[in-house]
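Line order of the protein sequences matches chains A and B.
The working numbering applies: residue 1 is where the first sequence begins, and numbers increase by one.
The working numbering applies: residue 1001 is where the second sequence begins, and numbers increase by one.
Each hint should be verified, as a subset may be incorrect.
What the hints assert, rightly or not - Quick look at which bits of chain B chain A covers, simulated, 3 or more residues with Cβ under 8 Å: (1) 1244-1256; (2) 1266-1280.
Claimed, not checked - On the chain B side, residues computed to face chain A include the following (Cβ under 10 Å): (3) PRO1260; (4) PRO1261; (5) THR1313; (6) HIS1315; (7) VAL1366.
Read the hints as simulated data drawn from the structure, not as lab findings.
Glycine included, C-beta positions come from ideal geometry on N, C-alpha and C.
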Amino acid sequence: MRVVIAEDNVLLSTGLELLLNRVGFEIAAIVDDGAGFLAAVRDHRPDVTIVDVRLPPSFRDEGIRAALQARREHPGLPVLVLSQYVEQQYAAELLSTTGGGVGYLLKDRVSRVDEFVDALRRVAAGGTAMDPEVIAQLVQRAGDPIAALTPREREVLALMAQGHDNGTIAGQLVITDNAVHKHIGNIFAKLGLAVSDSGHRRVLAVLTYLNTAGQFDGR
Amino acid sequence: MRRSGGYLLVSLASGIATVLALPLLCVPRLARLWADWHHDRATRLLGTPMASRPAPRAAGRRAWAGPSTGRDLLWLPVNAITGVAFGLTALLCVGNLLPAAVATALWWAFEPEDRPRPFVDVPVTGWATALTLGPLQIILLTTLAYLCFPMMARVHARICLAVLSHSTAEQLADRVAVLTRTRADVLDAHGAELRRIERDLHDGTQARLVAIAMRLAVARQVLSDNPRNEQFLAELLRDAHEGTEEAMTELRGVIRTVYPPILADRGLVGALTAVTARCGVPTRLNIGDIERVPAAVEAVVYFAVAEALTNVTRHSRATTASVRVSRAADRLSVVVTDNGTGGADDRLGTGLAGIRGRVLALDGTVEIDSPAGGPTTITMELLCGS
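Just need the whole structure built from these sequences, with the hints factored in.
Quick look at the structure:
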């Protein structure tokens, strides 16, 4: 699987290269700014991309803007955004672009190699990988309807929103697939969502719900 | 002309009132209110800025002390004399317009000895004198009023301000005192902030790194042991790994309190958009054209709004909130309101005290209006320099 990485900090980009090479990814290019990223995506047509939020020249949110731009130019391009901090606003912006996998993770998560690689593969396959902190922000904000869920249902909701499938959720919570299925049914019923299939659309439904819950109708 | 005329007539009334209520007005607090009222109307008439009056509350507490009470009392006789003198002139001027009009039109209706006598004592003898003297008096009085009323009103207002305002030297001394105090506060707050960051890094991140380094060092030794304790090695590496994750989480927390990354990335507007979108209570953000704002002010506004909205979510039981940011000249004003149950108090939580501390440290002001039953409004004003 071929990867393009946009990361200006050499320590981190070489670390990522080392780690990804070891688990069988091919690094097509490592670039250090937004323009370079867009060019590399055009040249290499990677299977998945990894973008740091802060890039030169201004070290503000170039990475997010480059990622959004790349997804507009190449609909369906899988993008995993890494950052030293997470901001629900950025997650909402990334999710607003349609088609293809999207991920948004804290850089800290890279050190959990298995989970990170799993997230990267999920994004490459068109899935979603949202940082637990983003989900925590969203869940906290969504308020009342979420409060109606049981603690276990909230755990399932969080994992589902992060982009995990039923099997992984069952494994992480040490419960059966059947129990996960039942919890998900209850969650969708309590939140008033239409039951969707177990793929990316389900995640989007949950994230969209969390993202819009408690906001003004006009927004 | 009408405005100055009104001013002069009110001055007359207040001059007479001063004489009548003299014993009452010698009470310092009433003298202060009386003086304040005159000072305000004089300032409004002259259109000069209102800043030159010494703070009434500070002086009110030490009733007889300070030079301002002396000024207030001095104003009583000055007001009585100038108010009556200027006001009476104006009254006579206006008051003689009516007799002149009557003299012109209705002179014939009076008995000869009762006929109006314009120009103090010139008798009206027929239409000829009536039609010349009457209009002439009206024209003269009106011209006089137009020319002299504004001038007289301004002179009265200036005398009022001269008596009641601080001298330039006193104003400067006041300002220096305020600046000295706020500068000391700023330095204190700044120092406290540096100490907090130092403590967070020292006790948190640095200690964790030391612990990680120790585990890794032990792990290297264990590697060369014979036989090697694999389980112990795995434990050491796991602890070191988890330690780095905790260190990163802590460091992220410290960075957030030093300068929020979203502020660096998106500026104040973007950061406030994010913080209001994140709020548990639906929050409307209304932000005008605020131009460039110093980084320190941006950070304080961000923290204050974030803290205020946290309070809204946790304590207010509000269903909506709003954040309004606007700028007039070098003054940035931030208003956070909610429709909750009110009763917010500085002394009950550290949140509001924290907001106050941060804003005061930049020489700003904070006003918290939160009656029991709500709603709550927090108003902050900060200077953006120039």
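Taking the hints in turn, this is what the structure says about them:
1. Look at the segment 1244-1256 of chain B against chain A: 7 of its residues bring a Cβ nearer than 8 Å to a Cβ of that chain, three or more, so the hint holds.
2. Requiring three or more residues with a Cβ within less than 8 Å of a Cβ of chain A, the coverage given for the segment 1266-1280 of chain B holds, as 8 such residues are present.
3. The criterion of a C-beta within 10 Å of any C-beta in chain A is met by PRO1260/B, whose closest approach is roughly 9 Å, and the hint holds.
4. The criterion of a C-beta within 10 Å of any C-beta in chain A is met by PRO1261/B, whose closest approach is roughly 5 Å, and the hint holds.
5. Hint on THR1313/B holds. Least Cβ distance to chain A is approximately 8 Å, under the 10 Å limit.
6. Taken as an interface hint, HIS1315/B does not check out: its beta carbon lies about 15 Å from the nearest beta carbon of chain A, beyond 10 Å.
7. Against a cut-off of 10 Å between C-beta atoms, the interface hint on VAL1366/B is violated, since the closest Cβ of chain A lies about 26 Å away.
Of the numbered hints listed earlier, those contradicted by the structure are 6, 7.
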